[in-house]
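Peer 1: Next come the chains, spelled out residue by residue.
There are 2 protein chains.
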Amino acid sequence: MGKQKKEPKPKALPPKGFRDYFGVDVSERSEMLRQIADVYHLYGFEQLESSAVETVEALGKFLPDVDRPNEGVFAWQEDEGWLALRYDLTAPLARVYAQYRNDLPSPYRRFAMGPVWRNEKPGPGRFRQFYQCDADTVGSASMGADAEICAMLSDTLERVGIARGDYIIRVNNRKVLNGIMEVAGILDPTELDKFTEERGIVLRAIDKLDRLGLEGVRQLLGAGRKDDSGDFTQGAGLNDAQAEIVIGFMQALGATTAETLANLRNLVEGSAIGEAGVDEMEQISELVAAQGYGSDRIVLDPSVVRGLGYYTGPVYEAELTFEIKDEKGRTRQFGSVAGGGRYDNLVKRFTGQEVPATGISIGVDRLLAALRMKGRIERSSLGPVVITVMDRDRISDYQAMASELRTAGIRAEVYLGNPKNFGNQLKYADNRSSPIAIIEGRDEKESGIVQIKDLILGAQLAKGATLEEWKARPGQIEVPRQELVAQVIAMLAAQGLTE
Amino acid sequence: MGKQKKEPKPKALPPKGFRDYFGVDVSERSEMLRQIADVYHLYGFEQLESSAVETVEALGKFLPDVDRPNEGVFAWQEDEGWLALRYDLTAPLARVYAQYRNDLPSPYRRFAMGPVWRNEKPGPGRFRQFYQCDADTVGSASMGADAEICAMLSDTLERVGIARGDYIIRVNNRKVLNGIMEVAGILDPTELDKFTEERGIVLRAIDKLDRLGLEGVRQLLGAGRKDDSGDFTQGAGLNDAQAEIVIGFMQALGATTAETLANLRNLVEGSAIGEAGVDEMEQISELVAAQGYGSDRIVLDPSVVRGLGYYTGPVYEAELTFEIKDEKGRTRQFGSVAGGGRYDNLVKRFTGQEVPATGISIGVDRLLAALRMKGRIERSSLGPVVITVMDRDRISDYQAMASELRTAGIRAEVYLGNPKNFGNQLKYADNRSSPIAIIEGRDEKESGIVQIKDLILGAQLAKGATLEEWKARPGQIEVPRQELVAQVIAMLAAQGLTE
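Read top to bottom, the protein sequences are chains Y and P. Quick note on this note's numbering: the first sequence kicks off at 23 and runs consecutively. Quick note on this note's numbering: the second sequence kicks off at 23 and runs consecutively.
Hints were generated in silico from the structure; no laboratory data involved. None of the values given here were measured: they were computed from a predicted structure. One thing to keep in mind: the hints can contain errors.
The list cannot tell twin chains apart, which means a pair is met if one copy fits it or any two copies do.
Cross-link-like lysine-lysine pairs, in silico, PhoX-like; alpha carbons within 20 Å at most [claimed, not checked]:
hint, residue 1, residue 2
1, Lys248, Lys396
2, Lys33, Lys370
3, Lys370, Lys31
4, Lys370, Lys143
5, Lys449, Lys475
6, Lys230, Lys370
All chains should be modelled from the sequences, with the hints used to inform the complete structure.
Peer 2: Here is the structure:
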């Protein structure tokens with residue numbers, strides 16, 4: 023016999039920043055992802071489910087001068103080396119594409135949906151495990167791939183229940199910004215790949231437009247900015263003329279697509295890379311227009327600045343434009359639910375070859391929240407018909423009833439707790455959101471009848487509806503046992519709850 | 023500017039024992055799990071998706087005398103303590119039930135599906151990440167819960183495509199074995215919870231019936247057994263009479279349920295716990311029979327020995343009975359695809375209270391393999407219609423075609439690789455398993471026509487079918503551009519490929 027140390031009781035909690043999903047929260051997300059997958063499939067994209075665990079080397083997060091990998095990932099050491107949970111779905115795509123590049127179609131259109139993990143400080147609404155849903159085309163440099171992603175995103179949003187007019191997909195281009203910076207004298211086009219301090223500050227400044235507004239960005243482009251707490255952020259040191267060129271880029275949105283393009287052409291005049299970027303934007307707008315996507319759905323908009331520092335060509339962002347109240351009761355637009363763009367260095371780490379790629383990532387939790395807010399998801403939280411247990415020796419009778427109901431497609435279950443206290447059984451039915459309870463005691467059994475109790479009506483009566491209003495719908499009916507299924511179907515129909 | 027060390031190229035491989043799933047391998051599993059979820063939902067079970075990461079304490083795998091947790095799990099240390107990937111779906115259920123016990127219905131019926139991780143040596147067909155699919159009822163001591171699980175498992179197997187007659191669900195009971203051991207003088211019923219060396223060996227011996235056969239088990243029950251390699255395993259030291267009682271248990275299956283029950287009653291005569299176990303088996307058989315499940319679907323079978331060491335009451339196992347050829351070409355039954363039973367100490371670690379629970383776990387990969395073997399899954403691996411690019415300046419024309427086809431519900435995509443080599447485009451369509459390619463060059467465009475190429479026919483012709491046989495189906499047709507969608511629909515129908 024081994025010694026048995028008395029362990030203290032473990033806490034019944036998940037680790038900080040992790041959570042559990044129950045019932046409809048799982049099924050509603052599954053249903054939304056299924057709809058998204060249908061659209062992606064129709065566009066020729068193939069699903070990929072890569073392993074949740076990768077080598078740290080493959081994820082590319084290993085910092086050689088620290089003992090353990092980047093704190094942003096969950097990583098641990100095995101005999102074979104450091105392993106880590108994937109922190110997004112793009113890094114695994116790069117590994118898979120490099121691994122299978124001789125067998126995969128080229129270009130390779132793939133979508134992926136699943137949890138990712140971030141080893142970050144959790145906060146309100148910020149979790150360390152969350153869902154991502156990505157679609158990418160690897161191996162095509164054509165703007166056709168970018169236009170297709172934008173069209174597919176538009177179809178996807180409408181498919182899951184966002185009405186046309188309630189969203190807009192905005193398209194910008196990193197090359198245009200590069201051209202602007204060239205014109206402003208911040209960037210040398212012959213040394214595009216070379217990082218300069220100044221350019222980094224410009225990119226970071228632009229990325230802060232949403233948060234700081236134009237004036238804040240202007241300060242960061244110039245000498246610098248002191249924030250409310252008095253902290254000073256060093257600026258890029260541009261002179262006013264330079265800063266105005268960059269600001270002009272963010273304000274280049276015209277009344278029409280043609281006007282926007284003209285504004286941009288004007289700004290990048292003389293920069294080859296800038297002109298190439300404007301050409302790309304023009305191509306995308308023509309390609310989506312030819313498929314019938316007008317600027318009410320997909321629009322060129324140079325004020326899209328998120329991700330410009332990361333992507334290498336077109337950048338897209340989908341925003342929901344309907345208004346909601348924020349925590350402080352102020353009205354604001356719902357905002358971004360998806361974003362993406364072109365990144366041409368995906369696979370290079372593995373193979374040395376540059377492979378063009380472009381893709382989109384949908385914020386699954388945000389999109390689901392939007393659909394719930396707009397009432398676009400029918401909360402199918404209706405519980406099962408509960409068959410109460412009046413006589414504990416007749417579980418087989420009750421289970422036979424449940425079986426008959428299920429055969430008719432009706433969700434049903436027998437109460438299997440301690441049947442002694444009937445009040446507990448009704449409390450259970452209430453907790454289960456049951457529409458109907460079935461009662462068959464000894465007397466009913468002998469008379470060949472069952473009681474069918476309308477729990478929806480019961481709840482409405484409890485809320486104050488007068489019996490008068492409901493006289494056509496008695497709260498409890500007594501029916502012959504053989505009519506059980508038909509009468510339950512009729513009551514569900516009267517409740518408006520049949521599917 | 024930071025120093026940039028030149029890193030060696032990472033290997034494009036997942037960690038050992040991990041794998042990726044592509045295309046239909048993902049969608050077929052999703053579809054099977056969706057069907058299973060439908061059945062579970064109909065029975066009143068609610069889905070639970072717990073976090074993939076748990077504290078090591080909550081998983082209960084922490085060994086206090088080693089530096090790191092049990093090698094069977096993937097675990098790592100954070101500031102807050104040791105975290106680990108879940109190794110099954112039962113341990114997280116215990117944590118969730120203990121955490122939410124005041125809000126969850128009681129009894130709580132829940133199902134869960136998702137990946138689990140095992141830090142074990144990978145081997146052929148043995149992976150370190152795999153899917154589980156569990157259903158459990160927590161908080162009910164009623165045999166009604168066990169009978170329900172067995173009925174639900176039967177419905178589930180038929181729903182996903184296992185025909186009646188191709189499977190059997192066998193039910194055994196740990197209490198009967200305890201009774202047998204009491205009668206054989208191996209177990210003292212007043213000290214049931216106390217572990218004895220002898221009993222442990224008996225349980226392990228019984229668990230090896232599948233592998234060693236009756237004679238091997240008989241040796242292990244007695245003095246011991248020498249295996250083929252000459253290694254000796256110490257036996258339980260039972261005398262022949264004792265061993266025969268235990269062996270009798272495994273052979274107690276009768277021609278009818280009544281006969282099996284009579285055999286068992288005979289064997290456990292005088293043991294209270296044994297008689298309770300036989301009563302439980304009888305109750306389950308009556309309960310499932312009352313719902314119409316005969317012994318062709320759910321049968322009492324004392325030869326089910328797997329898990330008897332782990333479970334505390336009823337034990338169930340679902341086997342597929344149709345025959346397959348194994349790797350060596352021998353005919354054998356497909357075997358087990360699901361198993362489970364009653365375990366009454368699930369939540370005790372957290373709360374100190376004993377909570378009865380019973381449940382089942384389906385081997386997702388094995389069941390899927392069985393369905394594929396039986397041809398019960400339509401491989402919907404059909405690729406999209408591929409629109410080739412004859413004129414790279416007219417991507418918008420081609421994307422408009424794809425858009426029209428998709429609007430008609432037809433999966434379609436434009437070739438977005440380098441269009442220079444038309445052979446590459448057809449090779450691509452082949453890799454994509456495309457049924458049809460569309461061709462519209464400059465001449466076609468000017469004449470207002472498109473070419474529709476039948477790639478299925480092409481493949482059949484390449485395989486040797488004579489043109490004669492296919493004369494009614496020309497390999498390539500020329501149709502007016504505005505008839506594109508209608509003609510593609512007609513060709514898919516002729517190919518027998520419309521959905």
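Peer 1: Is it within, between, both or neither when you check Lys370 against Lys31 at 20 Å Cα-Cα?
Peer 2: Between copies only: 9 Å across, 50 Å inside.
Peer 1: Using 20 Å as the alpha carbon limit, work out where Lys230 and Lys370 are close: within a copy, between copies, both or neither.
Peer 2: neither (29 Å within a copy, 52 Å between copies)
Peer 1: Within a copy, between copies, both or neither: where do Lys248 and Lys396 come within 20 Å Cα-Cα?
Peer 2: neither (40 Å within a copy, 70 Å between copies)
Peer 1: Checking an output row: Lys370 and Lys143, CA cutoff 20 Å. Within, between, both or neither?
Peer 2: neither (31 Å within a copy, 32 Å between copies)
Peer 1: If the cutoff is 20 Å on CA atoms, where do Lys449 and Lys475 land: within, between, both or neither? Let me know, please.
Peer 2: Only inside one copy: Lys449 and Lys475 sit 14 Å apart there, 65 Å across copies, limit 20 Å.
Peer 1: Between Lys33 and Lys370, at a C-alpha cutoff of 20 Å, which is it: within one copy, between copies, both, or neither?
Peer 2: Intra 46 Å, inter 12 Å, cutoff 20 Å: inter-copy only.
In summary, the structure is inconsistent with hints 1, 4, 6 from the numbered list given earlier, while agreeing with the others.
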